[in-house]
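Novice: As they're listed, the protein sequences go chains A and B.
Taken in order, the first sequence gives residues 1 to 243; the numbers are from my numbering.
Taken in order, the second sequence gives residues 1 to 111; the numbers are from my numbering.
Just so you know, these hints were derived from the structure itself, not from any lab.
Check each hint, because a few of them may be wrong.
Okay, the calculated bits of chain B under chain A, using three or more residues with CB under 8 Å as the criterion [claimed, not checked]: (1) 18-24; (2) 39-52; (3) 82-91.
Ideal placement from N, C-alpha and C gives every residue a C-beta, glycine not left out.
Listed below are the residues making up each chain.
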Amino acid sequence: MFFLSRLHRHPAFVLGMREVSPQSPGIAAWGLMTGVAMVKSGMSVFEASAMTLLVFAGSSQLAAIPLIVAGAPAWVILATGFCVNLRFVVFSLHLRSFLIHLPRWQRMLHGYLTADISYVLFVRKYAHPAETAEGRLEQEAYLAGNDFLNWLSWIVASFVGIALANLIPTSWGLGFAGILCLLGIQCSLASSRMRMLSSAVAGAAAVVAYSLPLKLNIVVAIAVAVILCLTVEKIRPAPGGQA
Amino acid sequence: MNGTDLWTLAVIVGLALVTVLTRSFFFISSKSWQLPHWAQRGLQYAPIAALSAVVVPEIITVQGVLISTWQDARIFSAVVGAVVYFWRRDVLLTIVAGMAVYLPLHLGLGW
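Let the sequences and hints guide you as you build the complete structure.
Specialist: Written as structure tokens, this is what we have:
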């Protein structure tokens, strides 16, 4: 949303950029690695560039790459991307009251551009939606500035990765860095015993069901893990219903 | 040079729509509405399940067949990566440490 002058001329826009800047090297390193992983896994430079510019979601990109390379059907790839992105659905519930006063296309553009780090920084800074029009504009400008630097770091680094990838032999196995990145995000989500159960069940089920055609083992594994966790919750409710 | 095909490009456009849909899910409509309870609970478990379903077979199988040797660089790399994550809580360090184990074993010993 950085192209709207009411946002990028607002002082909170620069503040948003400044507060995300310490995270910028980390975002860039992740983008660089995703760029390398896309090309090293067999995507063309054009496909990898289109993915960088359009999808703009590292974890769903990395999860989609092995499925695309294996020729999984589109719906399986999209369903996997959707599940990996479900955390954003939770974020959107939180951001709703901050953005709902805007026209729909502006809300959706803000939503599209707000990735993990921007969401965390935004809700840490603003606990409640502003009461006044100026306050709402300030919050929106902060989010836009934060999103802008995050977007820029990600996109530039991804393109550098795509450019460098062809200089590195595939036999080095650098694509594995993408799996390690997903593993790190997976660990970051393992915040409760029930989530660890979900992770363990899904991992085991994905291996057991691997021989299913069309990479359906992924869908089966997610379904088995979620159903099992919901069942365990029913039988033995967690204290306070927290997970 | 890898080839470009239309099917992959269509999937990429689809994934972009998935990004828009998930990131703005609850404010696409300005009407107030609620997810059913079971779906709200399911949101707690689906993301980690999806990641695990993609990641685990990439670490402990070769094309779906469980590896039969411990001499596989991926296992050591993943274990070190996970330990480093829980030690420092940093995804970037997880990648760096994991690759620092993976590359010498993979390139040096051919695991």
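Novice: If a hint holds in the structure, say so; if it doesn't, say that too.
Specialist: Okay, the hints, checked on the actual structure:
Counting residues of the segment 18-24 of chain B whose beta-carbon sits less than 8 Å from any beta-carbon of chain A gives 7, enough to reach three: the coverage restraint holds. Residues of the segment 39-52 of chain B with a Cβ under 8 Å from some Cβ of chain A number 12, which satisfies the need for three, so the listed coverage holds. Check result for the segment 82-91 of chain B against chain A: holds, 6 residues qualifying (beta carbon to beta carbon below 8 Å, three or more required).
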